[in-house]
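By the count of this note's numbering, the first sequence reaches residue 505 at its end, each step adding exactly one.
By construction, these hints were calculated from the structure, which means they are not laboratory data. Hints may contain errors.
Lysine-lysine pairs mimicking BS3-like chemistry, simulated, CA-CA at most 27 Å apart [as the list claims (entries may be wrong)]:
1) 350 with 382
2) 360 with 346
3) 485 with 472
4) 15 with 170
5) 495 with 476
6) 360 with 382
7) 170 with 238
8) 382 with 346
9) 472 with 495
10) 95 with 293
11) 495 with 485
12) 472 with 492
13) 290 with 15
14) 375 with 290
15) 492 with 476
16) 375 with 360
17) 485 with 469
18) 360 with 350
19) 15 with 382
Here are the in silico distance ranges between beta carbons for each label pair [as the list claims (entries may be wrong)]:
20) 111 with 416: 34 to 44 Å
21) 350 with 311: 22 to 32 Å
22) 458 with 335: 17 to 27 Å
23) 495 with 359: 43 to 53 Å
24) 455 with 119: 52 to 62 Å
25) 479 with 96: 32 to 42 Å
Built from N, CA and C at the ideal position, the CB exists for glycine as well.
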Amino acid sequence: MLPSLSLYNTLTRRKATFEPLHAPFVGVYLCGPTVYSEAHVGNARGPVVFDVLTRYLRHLGYTVRYVRNITDVGHLENDADEGEDKISRRARAQKLEPMQVAEQYANLYHRHMEVLGCLPPDIEPRASGHITEQIQMIQEILANGFAYEVNGSVYFDVPAYNAAGRGYGKLSNRVVEELLAGSRDNLAGQQEKRSPLDFALWKRADERHLMRWPSPFGEAPGEGFPGWHLECSAMSRKYLGAEFDIHGGGLDLMFPHHECEIAQSQACAHPTNEAQVWMHNNMITVNGAKMSKSLGNFITITDLFEGRNPTLPQAYSPMTVRFFLLQAHYRSTIDITDEALQAARKGYRKLMNGLRQLEKLTLPEGTERAPDTEKADAELRKIVTDTFIGLNDDLNTARAIAGLFNLLRKFNGYTANLATLAQVSEAALNEATTAYRTLVIDVLGLVDEPRANAEQLLNLTLNFYSEAKAAKAYDKVDEIRAALKGQGIVIKDTKAGVEWAYSEE
RNA sequence: GGUGACGUGACCGAGUGGCUAGGUAGAGGUCUGCAAAACCUCCUACGGCGGUUCGAAUCCGCCCGUCACCUCCA
Numbered sequence: 001m002l003p004s005l006s007l008y009n010t011l012t013r014r015k016a017t018f019e020p021l022h023a024p025f026v027g028v029y030l031c032g033p034t035v036y037s038e039a040h041v042g043n044a045r046g047p048v049v050f051d052v053l054t055r056y057l058r059h060l061g062y063t064v065r066y067v068r069n070i071t072d073v074g075h076l077e078n079d080a081d082e083g084e085d086k087i088s089r090r091a092r093a094q095k096l097e098p099m100q101v102a103e104q105y106a107n108l109y110h111r112h113m114e115v116l117g118c119l120p121p122d123i124e125p126r127a128s129g130h131i132t133e134q135i136q137m138i139q140e141i142l143a144n145g146f147a148y149e150v151n152g153s154v155y156f157d158v159p160a161y162n163a164a165g166r167g168y169g170k171l172s173n174r175v176v177e178e179l180l181a182g183s184r185d186n187l188a189g190q191q192e193k194r195s196p197l198d199f200a201l202w203k204r205a206d207e208r209h210l211m212r213w214p215s216p217f218g219e220a221p222g223e224g225f226p227g228w229h230l231e232c233s234a235m236s237r238k239y240l241g242a243e244f245d246i247h248g249g250g251l252d253l254m255f256p257h258h259e260c261e262i263a264q265s266q267a268c269a270h271p272t273n274e275a276q277v278w279m280h281n282n283m284i285t286v287n288g289a290k291m292s293k294s295l296g297n298f299i300t301i302t303d304l305f306e307g308r309n310p311t312l313p314q315a316y317s318p319m320t321v322r323f324f325l326l327q328a329h330y331r332s333t334i335d336i337t338d339e340a341l342q343a344a345r346k347g348y349r350k351l352m353n354g355l356r357q358l359e360k361l362t363l364p365e366g367t368e369r370a371p372d373t374e375k376a377d378a379e380l381r382k383i384v385t386d387t388f389i390g391l392n393d394d395l396n397t398a399r400a401i402a403g404l405f406n407l408l409r410k411f412n413g414y415t416a417n418l419a420t421l422a423q424v425s426e427a428a429l430n431e432a433t434t435a436y437r438t439l440v441i442d443v444l445g446l447v448d449e450p451r452a453n454a455e456q457l458l459n460l461t462l463n464f465y466s467e468a469k470a471a472k473a474y475d476k477v478d479e480i481r482a483a484l485k486g487q488g489i490v491i492k493d494t495k496a497g498v499e500w501a502y503s504e505e
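Let's have the full structure, built from the sequences with the hints guiding it.
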């Protein structure tokens, strides 16, 4: 019997067996992108990791509802009052409607996610489409006395909340007093806040603010927009309930974003930590430093796919990138280098070639199965078990991949020496090949990327056709013509030479 | 300053007290018209110094080094 899936929970700082609140249903929420610019490779790690998590949960038989939001409003450039919304800023710079910017980058993001093999989330809510829910949540927090209004803006009252024993900082292990001591005494532009730790739930929109919604807050209700942290709390609650199973995101979101999310949900009518399990994937570094938009050392996903980045002289396919990301455990940092990506590319292709190898694993006619397959069976089954044990251990895809390579070596060994294939029972072999196929394709989401250029292959075939024709080898000529016809292609012998066209039949 | 993560062989990267991680690169071999793939063998490490232990990469202490978060960031 395999051990069940255990996951590392940031909230408790330990691994524990995963037990859904309402089995067989599992709710998963992942903080999605702020669609104001192109995503970089670091932005792809979370979606890939949580894609594998949801795929694996489904493989285990759970009914998963996977929610990943799109932030299209509320994410400010900085914390000061005049901090501008990231999307608005971009829109102003490019003379576009903010929603045009959001749409453009959301579309690009979707294309990238698709080629990276990430299944679309079941629900992909946008912050701008859930203003009502966010206002509702603010009103609950106000009613509980954990927020206050100033000039039409509403701020979360961290000291009041913490004094009430709700434990602000429980996720990221921060102590309010230390945060206060360490916080910059620079309150410039933040005069409305009572404490530097307070954060905006709702911001009054000034005249130049592009995205705005009617607000019930303030003396003379005006227009405003929601704070960044609020959307995730409001939308996860709407689609997954006040308390759900797993909340994921990058390690850099732990504080303050996720800490604030928990505080908001704790301050509502039905206080919860939002999710039972909080999971955080680690960062991707370039030359040892975290890749970030502000540092400017980021490699965009397009850069990688097209080989346009100075640190990476060549292009890498989406599946190579996916494999590269999964070769490390999700809680480790990954340093991205050309050398490491090359190694990943080879590894990925090896795994794919293995997939094709599985079909050849049949005992030749007349070969007798060994009378006693127990030993070889046990050996093979141990590898399968170890592979799943790895995955069950906090989604250790690195161990799972190692297991897959171990299986592959067995499979290749059988094909290299068919006599050894007779040493294992059909049942054990089937278990192993099924595990390999399932893990590679369904769970890790690695699929074969055709690399051959169809047109070049076709031209090659036409060359053989011409040669056969010149040699008057008409049986060959007919064979080639028939084979191509099967592909919907007809050969045309013109005076100018051999040409091809798609069949019009 | 506070909080946290980490330092594994040429490179990437698992592993937490004794039992082969795995991939890439390199060397030799089998196979082979050539080559590739595949298979077999080899290269076999845990930042430093102490300590605990029959036994430590794994636990403890100190030191050195790297990184992240504390401000927008996946």
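Here's how the hints hold up against the structure:
For the hint pairing residue 350 with residue 382, the CA-to-CA distance comes to about 22 Å; that is within 27 Å, so the pair holds. Of the supplied pair hints, the one linking residue 360 and residue 346 holds, its CA atoms being roughly 22 Å apart against a limit of 27 Å. A threshold of 27 Å between alpha carbons decides the hint, and for residue 485 with residue 472 the separation of about 20 Å falls inside it, so the pair holds. With a C-alpha separation of about 17 Å, the suggested pairing of residue 15 with residue 170 holds against the 27 Å cut-off.
Restraint check for residue 495 and residue 476: the C-alpha separation of about 21 Å stays at or below 27 Å, so the hint holds. Taking the CA atoms of residue 360 and residue 382, the gap is about 22 Å. The hint holds against a cut of 27 Å. Restraint check for residue 170 and residue 238: satisfied, since their Cα atoms lie roughly 24 Å apart, inside the 27 Å limit. Using a Cα cut-off of 27 Å, the hinted pair residue 382 and residue 346 holds, with the two alpha carbons roughly 26 Å apart.
Between residue 472 and residue 495 the CA atoms are separated by roughly 17 Å; this keeps the pair inside 27 Å, and the hint holds. As the CA atoms of residue 95 and residue 293 are separated by approximately 22 Å, the hinted pair is consistent with the 27 Å bound. Taking the CA atoms of residue 495 and residue 485, the gap is about 21 Å. The hint holds against a cut of 27 Å. Taken as a hint, the residue 472 and residue 492 pair is honoured in the structure, with Cα atoms around 17 Å apart against an allowance of 27 Å.
Distance restraint check for residue 290 and residue 15: the Cα-Cα separation of roughly 26 Å lies within the 27 Å cut-off, and the hinted pair is therefore satisfied. Taking the CA atoms of residue 375 and residue 290, the gap is about 48 Å. The hint is violated against a cut of 27 Å. Between residue 492 and residue 476 the alpha-carbon distance is near 16 Å, which keeps this suggested pair within the 27 Å criterion. Straight-line distance between C-alpha atoms of residue 375 and residue 360 comes to about 22 Å, which keeps the hinted pair within the 27 Å bound.
For the given pair, residue 485 sits about 17 Å from residue 469 by alpha-carbon distance, which is consistent with the 27 Å threshold. Restraint check: the Cα-Cα separation between residue 360 and residue 350 comes to about 16 Å, which is no more than 27 Å; the hinted pair holds. A threshold of 27 Å between alpha carbons decides the hint, and for residue 15 with residue 382 the separation of about 24 Å falls inside it, so the pair holds. Distance hint check: the CB atoms of residue 111 and residue 416 are about 41 Å apart, consistent with the given range 34 to 44 Å.
Checked against the given bound of 22 to 32 Å, the beta carbons of residue 350 and residue 311, roughly 25 Å apart, stay inside it. Distance hint check: the CB atoms of residue 458 and residue 335 are about 42 Å apart, inconsistent with the given range 17 to 27 Å. Distance hint for residue 495 and residue 359: a CB-CB separation of about 44 Å, consistent with the stated range 43 to 53 Å. One distance hint, 52 to 62 Å for the beta-carbon pair residue 455 and residue 119, is violated here, with the actual separation near 31 Å.
For the pair residue 479 and residue 96, the supplied restraint of 32 to 42 Å is violated, since their beta-carbon distance comes to about 57 Å.
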